[in-house]
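Colleague: Each chain, written out:
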Amino acid sequence: MTATTMVRPRSRLRLPFSPWHLVLVPAAVVLLFPFAWLLLTSLETSSEALHFPPLLTPHVLKLSNYPAAWNSAPFGRFFINSAVVAVTTVLSNLVLCSLAGYAFARLRFLGRGLLFATIMATLMVPFQVTMIPQFIITKWLGVHVLAGVGINHIGALILPNAATAFGVFFLRQFFRTLPLEYEESARVDGASRLKVLWHIVLPLSAPALATLAALTFIDSWNSFLWPLIAVDSTNQMTLPLGLATFQGAHSTEWPLLMAANMMSLTPMLVIFFVAQRYFVRSVAATGLAGT
Amino acid sequence: MAVSPAVARRRPGRLGPSGPQRSPARRRARAGEQFTGWGFVTPGVAVILLFGAVPIVWSAIMSFQQDNLLTGNTPFVGLRNYRQMVHDPVVASAIGHTLTYTALFVPGTMIVGLFLAVAMNRKIRFISFYRTAAYATMAISTISEALVFIWLFDPSYGIVNYALHLVGIPQQQFLNSPTEALFVIVIMTIWGWTGFAVVIYLAALQGVPAGLIEAAAIDGAGPWRTFRKVTLPLLSPASLFLAVWLTINALQLFDEVYLSTQGGPLHATTVLVYYLYYEAFQTFQFGYASAIAYFLFVIIIVVTVIQFRVGRRFTYYRS
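As you go down the protein sequences, you meet chains A and B in turn.
If you count the first sequence from 1, position 177 lands on 177 in the numbering used here, and the numbers rise without skipping.
If you count the second sequence from 1, position 20 lands on 311 in the numbering used here, and the numbers rise without skipping.
Don't read these hints as lab results, they were simulated from the structure.
The beta carbon of each residue, even a glycine, is placed where N, CA and C say it ideally should be.
Treat the hints with care, as some may be off.
Claimed, not checked - Computed spacing ranges between beta-carbons, pair by pair:
1) B/Phe599 with A/Val30: 28 to 36 Å
2) B/Arg603 with A/Ser64: 55 to 63 Å
3) A/Ala68 with B/Leu457: 29 to 37 Å
What the hints assert, rightly or not - So the derived list for chain B, only partly shown, Cβ under 10 Å to chain A, looks like this:
4) Gly330
5) Phe331
6) Gly335
7) Gly399
8) Ile418
9) Ser432
Work out the full structure: start from the sequences and follow the hints.
Modeller: Next up, the structure:
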C-alpha cells in the first residue's frame, strides 16, 4: 500500500455516527414493534382498535382494560401457579440432578454405566413420543398413589420434570472438570460424600448451577403442550395455558386480549431484564457446549 | 467394540491402590460407595426412568395396539396403525407442511440471527439497547408471541394489512388463507427465535480472534471477502449447532399452530405434532397417535444425522 492511498482525501460523505446505526435502528424497530403495538392496543377502546386505518395514537388511554381483563379470568392465580411450578421445578432439579450428577461423576456402583446410558438415551427422544404414557402414568399416580396430585393438579406439571436427563448429564460433565484434590483431602479428614458435595463441589459449581437454574426456569415458565394436556380446571392453569384459554373466550376483544397478554408477559420480561446477563450467558453456554 | 483388557480395567474415579491385595477396610469403603452411589442417584433417576424411559417403551408397544382411552380395550393389531398412517392423506400433507415450515424457518432464523449478530458485534453507542431489543424476544412465551402476531396480521384490522395498503398491495387474508397461513407462522416464529440465534452467533463472533481479521485486511482482503473467507468458516460450528437445534424445534412446532389456526384453514397448517395431539387428546386414538409419534422421532433422527454428515464437511474446528 502506498502513502498516497493512505492520505487520500475522503470524498465520501462522513456520517457523524457509525453507519451500523442505519442498520440497527430499523432492526430494533422491527424487533420492538410487536411489543409497542401490544402496549398501544391494550390502552385503546374497542372501537379504536377496530378502526381502519389503525390509529397510531389513541384518543384517551383506557387503563380500565387492565382491571377488566384481570377480573374476567384469574390471572393472579395463573401467575402464582406459574411461579410455584417454575420455582419448585428449578429447586428440585438443582437438588436431584446435583446428587445424581455427582454420583455418576465420582462414585463407583453396580449398574452405573447402564443407568447412565439409559438416561442419555431418553435425552434424544422428543417429548411427543413420551407424552401419552406420561399422561397415563400421571393420571394413575394421582388416582392410586399421590391422593389427587395427578392429572388436573399443578403437581402434574412439576413431578415429571422434577429431575431431567439434561440436568444430570450437564452437572455430571461439569463435576468431572473439577480438580479431585480438594475432595480427596476432605475425604481423608473423614467428611461424608454428602458433606463433600455440599461444602466443596457445589460452591465450586455455582456457574453451572446458575445456568441449569436459568434454563430450567425458562422451560418451565413457557411450557405449553404438557399443561394443555395435563390440566383443565381454570384454577390449576399456568400463565400460557390461562392466556390461551382466555383468548378462546374473548377472541375478538383485542384491547382486553392485549391487556391480558401484557400482564402475562411482563413478569418474565422484568425477570429477564434484571438477570439478562445470566440468561444470555446460560443460552450462550448451551451453544458453545454444543459446538 | 474390541477393547484391550488393560484399557477395560482402567476405571475412572478410583482412588488409591487396587487389585487383589485390597484391605478389608477398603472393601468396606467400596461397599459404602455402592450404597452412597445408589442413594444419590435413586430419586433423580427414578423420575427420569418413570417419566422418560418407561414411556418410550410403552408408546412403542401402544403403537401396535388399538388403544382407546374411552373403551379401555387395547387389543394388539400388529402394523395396522402404521399401515393406516401410510394411507392417511392428512399425515401426508402434515409431513409436507412440517418440512416446508422447517425449510423456511431454519435458514430464515439463521440468516436474521447472523446478520444482526454481525451488526451488533461492535462497540458503538446504544449497542446494549440494540442487543436487549433482540434478547427480549427470548423472554416472551410462544403463546404471548402468537397472540400478538394474530393481532398484527388480523385480516380486517391488523396493522400489517394497513402497511401493505399504504404501498398499494390489496388486503390479504393471512391466517385465514390456506396459502398464506403457514408463512405467517414462519414469520412469527422467526421473530420469536431471533434472540436465541443472536446470542449464539454473538458468543461465537466474540471467539473469533481479532488478529485473524487484521491479518486478512493487511493481506488486502476487503470486508466482505474477510467475512466470507475468515469469519464465516470460524462461525461454522455455531451454524451447525443452530441448524440442528432449530430443526429439532421446528419439526416439533405446535404452540403457535394451536393458538393461531388450530391446524386450519383446510388443514393448511396441520403439522405433524398438531395432528398427533389431535389424534391423541381430541379423538383419544392413543395407538394411532403413538405410531405418528414414532414416525416423527424417525424423521428427527434422519434429518439430524443428515445435518451432521453434511455439516461436518463444511464445519471448521480450530482445536
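Colleague: Now, for every hint given, state plainly whether the structure supports it.
Modeller: Cross-check of the supplied hints:
1. B/Phe599 with A/Val30: 28 to 36 Å: Once the Cβ atoms are compared, 33 Å apart, the range 28 to 36 Å for A/Val30 and B/Phe599 holds.
2. B/Arg603 with A/Ser64: 55 to 63 Å: For A/Ser64 against B/Arg603, whose Cβ atoms are near 59 Å apart, the range 55 to 63 Å holds.
3. A/Ala68 with B/Leu457: 29 to 37 Å: 32 Å, holds
4. Gly330: Check passed: Cβ of B/Gly330 comes within 8 Å of chain A, closer than 10 Å.
5. Phe331: It holds, given that the least Cβ distance between B/Phe331 and chain A is near 4 Å, below 10 Å.
6. Gly335: Constraint on B/Gly335 satisfied, holds at 4 Å.
7. Gly399: Since chain A brings no Cβ nearer than about 14 Å to B/Gly399, farther than 10 Å, the hint is violated.
8. Ile418: Constraint on B/Ile418 satisfied, holds at 8 Å.
9. Ser432: 4 Å, holds
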